[in-house]
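**Q** So you can see what is in the structure, the chains are spelled out below.
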Amino acid sequence: MISSDQKFHTLGEFFRRFGGKLIGNPDTRITRVATLENAGPGSIAFLANERYRHQLQATRAAAVIVGEDASELTGLPRIVCPDPYAYFARVSSLLNPLCPTQAGRQPTAVIDASAVVASDAEVGALVVIGKNTVVGARSRIGAGCVIGRDVVLGEDVVLHPNVTVYDGSVVGSRVILHSGVVIGADGFGYAISDERWLKVPQIGRAVIGDDVEIGANTTVDRGAIEDTVIEEGVKLDNQIQIAHNVRIGAHTAIAACVGIAGSTKIGRYCRIGGMSGITGHLTIADRVEISAHTLITKSIEKPGAYTGVYPFNTNREWRTNAAQLRHLGELAARVRALEQMLKKQNGRKS
Amino acid sequence: MISSDQKFHTLGEFFRRFGGKLIGNPDTRITRVATLENAGPGSIAFLANERYRHQLQATRAAAVIVGEDASELTGLPRIVCPDPYAYFARVSSLLNPLCPTQAGRQPTAVIDASAVVASDAEVGALVVIGKNTVVGARSRIGAGCVIGRDVVLGEDVVLHPNVTVYDGSVVGSRVILHSGVVIGADGFGYAISDERWLKVPQIGRAVIGDDVEIGANTTVDRGAIEDTVIEEGVKLDNQIQIAHNVRIGAHTAIAACVGIAGSTKIGRYCRIGGMSGITGHLTIADRVEISAHTLITKSIEKPGAYTGVYPFNTNREWRTNAAQLRHLGELAARVRALEQMLKKQNGRKS
Amino acid sequence: MISSDQKFHTLGEFFRRFGGKLIGNPDTRITRVATLENAGPGSIAFLANERYRHQLQATRAAAVIVGEDASELTGLPRIVCPDPYAYFARVSSLLNPLCPTQAGRQPTAVIDASAVVASDAEVGALVVIGKNTVVGARSRIGAGCVIGRDVVLGEDVVLHPNVTVYDGSVVGSRVILHSGVVIGADGFGYAISDERWLKVPQIGRAVIGDDVEIGANTTVDRGAIEDTVIEEGVKLDNQIQIAHNVRIGAHTAIAACVGIAGSTKIGRYCRIGGMSGITGHLTIADRVEISAHTLITKSIEKPGAYTGVYPFNTNREWRTNAAQLRHLGELAARVRALEQMLKKQNGRKS
Chain A
25 MISSDQKFHT LGEFFRRFGG KLIGNPDTRI TRVATLENAG PGSIAFLANE
75 RYRHQLQATR AAAVIVGEDA SELTGLPRIV CPDPYAYFAR VSSLLNPLCP
125 TQAGRQPTAV IDASAVVASD AEVGALVVIG KNTVVGARSR IGAGCVIGRD
175 VVLGEDVVLH PNVTVYDGSV VGSRVILHSG VVIGADGFGY AISDERWLKV
225 PQIGRAVIGD DVEIGANTTV DRGAIEDTVI EEGVKLDNQI QIAHNVRIGA
275 HTAIAACVGI AGSTKIGRYC RIGGMSGITG HLTIADRVEI SAHTLITKSI
325 EKPGAYTGVY PFNTNREWRT NAAQLRHLGE LAARVRALEQ MLKKQNGRKS
Chain B
25 MISSDQKFHT LGEFFRRFGG KLIGNPDTRI TRVATLENAG PGSIAFLANE
75 RYRHQLQATR AAAVIVGEDA SELTGLPRIV CPDPYAYFAR VSSLLNPLCP
125 TQAGRQPTAV IDASAVVASD AEVGALVVIG KNTVVGARSR IGAGCVIGRD
175 VVLGEDVVLH PNVTVYDGSV VGSRVILHSG VVIGADGFGY AISDERWLKV
225 PQIGRAVIGD DVEIGANTTV DRGAIEDTVI EEGVKLDNQI QIAHNVRIGA
275 HTAIAACVGI AGSTKIGRYC RIGGMSGITG HLTIADRVEI SAHTLITKSI
325 EKPGAYTGVY PFNTNREWRT NAAQLRHLGE LAARVRALEQ MLKKQNGRKS
Chain C
25 MISSDQKFHT LGEFFRRFGG KLIGNPDTRI TRVATLENAG PGSIAFLANE
75 RYRHQLQATR AAAVIVGEDA SELTGLPRIV CPDPYAYFAR VSSLLNPLCP
125 TQAGRQPTAV IDASAVVASD AEVGALVVIG KNTVVGARSR IGAGCVIGRD
175 VVLGEDVVLH PNVTVYDGSV VGSRVILHSG VVIGADGFGY AISDERWLKV
225 PQIGRAVIGD DVEIGANTTV DRGAIEDTVI EEGVKLDNQI QIAHNVRIGA
275 HTAIAACVGI AGSTKIGRYC RIGGMSGITG HLTIADRVEI SAHTLITKSI
325 EKPGAYTGVY PFNTNREWRT NAAQLRHLGE LAARVRALEQ MLKKQNGRKS
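As you go down the protein sequences, you meet chains A, B and C in turn.
As numbered in our numbering, the first sequence has no gaps in its residue numbers, which increase by one up to the final residue, 374.
As numbered in our numbering, the second sequence has no gaps in its residue numbers, which increase by one up to the final residue, 374.
As numbered in our numbering, the third sequence has no gaps in its residue numbers, which increase by one up to the final residue, 374.
Calculated from the structure, these hints are not laboratory results.
One or more of the hints may lead you astray.
A pair holds if it fits inside one copy or across any two, identical chains being indistinguishable in the list.
To be verified - The calculated EDC-like cross-link candidates involving lysine to aspartate or glutamate, where the alpha carbons are at most 20 Å apart (straight line), are:
1) K322 to E341
2) K289 to E313
3) K223 to E255
Excised from the complex, chain A in its bound form (with noise of 0.2 Å):
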């Protein structure tokens, strides 16, 4: 959806409308965006990351946006300000305009006679929408989505192709789905009775505030009581897994493949590292960091970062380490043996 003519803006135009320190020839004219590395003529590249420092003397970009420690390193035209990557996103944002909304539904869509949806929305080739559902100002959904009943979307959604949303969901204004996603499906709730699993209704809802993001394939269940609720704000990445009764405070992210068991609630704030795990019924406080590949088994009171990850090595190594680790308690013992019969013996000298 990134509109494919790209007029041209200038130096000075940013400057107007983004701030910082221009330095420079504020005609120069920018049509995109570009790495250090590979830039060319009309391309404007950032230095955030100290790693690509380097990169600056050679670039061969028309401008760049730098911080003031490395405004000196260049000569280039510039825009020195103190978060380079911040200001490159708006004018990335300014360059790559999402393409607008083409409003009306599709001849091949499959509405029902009492959804309500905007005039200005956009409704793709071969979408479903359900009963009772409500698709609010400007919202476009992508072709192959199947909406349920009784949902309601908020204004300036969009929803990527192939989107699921279950009856009953609530999604905000300006979130977007990806393709895969899932919103709403039963929470996995069951109850154990003569050796067979009865299946628990799952009456709650998915509710998904303002403002969210959420990567392709990822899933957000259905409450089993109560709602599931994705506060404002909150990204998630592909292939996440959030379980029923699940809360994540507002502007938390969350990388991709981490799994959230059944009725935790995340804090507000909160970075969560791909591939990582928290488990059911606990609370994590706001500002808490989670590395990669953890999991988190108690609930955590203080922000600051936490880890769980066993290092890697090579396989031979690894083996002589883990061989170890499956005799740590009585490792601790003997050491314990030991410095108690040095103990004594030092008593006996003495």
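Guided by the hints, dock chains B and C onto chain A, whose structure is given.
**A** Chains B and C in isolation, oriented as in the chain A frame:
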């Protein structure tokens, strides 16, 4: 697919249908289930977890379901029974029946002329059903599902929207498949030859037993030569990967994001925690429990609980400990050396 | 898509096509492949894994494929060759040819007028193909796939049902994409500004080389600025996540549920075990093997095998050992103290 017009039931009716001991007014009217914490008039709640015991006093539920030990902690009308959660599951199923199947085929469904679809089955909008496929009585196929050729779907099956079933798969009766599920895709089978991968045709089937439920975006591959089999009553959560030629024993329950590698056989009544993995060609006994985020690398012959989780810590403490982990073999050798030195000393002394 | 009318072939035909040494009647008729254990009349089986050697005696196969070392263990008609599994792959491909492509477009497909679809390509029911997209000769697009605009699909591509390809993606020839695959969704790129996440437009492409196969529900994100690249011959299993700007070298094979974080470059001929992860901005050499469930957190410069798995145990023994793991730094310090104490003692004595 939850019906919206809930009629009321009485506590006496629950007692007559499901047993237990009824204390209080049998005419107490119940219209919905709720949690103890958020229950209001007309709702029935349950206590099955010690952690919520303190909520029993303050609940505003009309009635509660409790165990014998909590019976005297409340004056509310109540059902006393040995397993409040299973009782609750039955009550909730009564209060929240599925919408009845809407027999018939949506006009936008594309059904091969040779397919045999029961007259009382429900085929949603934009469904595709291939050659010679059979859909059993009262089954419902959600919008956007694609069912290949030569597939057999049993009776009372529910396919939520956007499920894919490959050619030749077999799905038992009363199976529930959630959105994004893929049944019968090719297993990961290649032979290497002259530094190129040769694809090995995957000609087995995926066979799903009766009463299985499979969560959103879970994948069950077809067999390489023989079949992949999910036995009756198995419950799979979301985003699980079942490789070719796996067999999962009856009534086993697997939490989200688990991966089971090829040709592994899992017993009956196992419980496998989220994000855990089992490598290929293993055999796991009946009634094995595996913790979350654990990798099983050897066959397990005895029932019991198995775990392999790196305990998380603050990043700072983890760094200290993990650094040692890389030298664990060395540390053990040093302890051994100390023991020998002391033994020698003591030998000399005696 | 496996053809059902299998004609018979003879052992002599395999010999003429694929070489090896033929022992026994070359007119032995073969109609299908089977495992040693379950083979019956007309079937050919193979022995490639020591663990199944004992099955060779009892097999009821009509013929077998074996290595030189097992040649004398059976009296059956047989092919003797250096790599029985690769030979078997060729035989099975001959016996199980794909159904021929059904050239043409299903009437329910929604194909933009500007798309260029080869006349001998097969476009399934309810497929959507966007503006300016090109579909190469003999490619087949399964039912329910959504292909965006400006996409290029090569020749002899197979898209199974319900695949999604975002705008601008490039897919090479002979690529196979399984159901639920999402190619080209936005990478996870945000800048933080005033405690709000700013989306960074993801304007690179996802580029998939020739002869790649991608398993069900795997996701390959588009690049942030430049492209995400999967080189030729790569094999990806199910539910893998490839983040933006990753490059995967030719002929690398990755098992299910792996996550590769942004901008990481992986070499050629690597083999990556299931459920493992690689963090961002790393470089992995050619011919690296990574064990299942391992997190790689640093670049790897040398070929070889790398592992970082916590060994599982009974839950009881795990508790004992894991408790010590939290005090490993302390344990090492205690050993150091003991060593110094003994050194001092010994110093005093001498």
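**Q** Honestly, which of those hints from before does the structure not fit?
**A** Of the numbered hints given earlier, the structure breaks none, since each of them holds.
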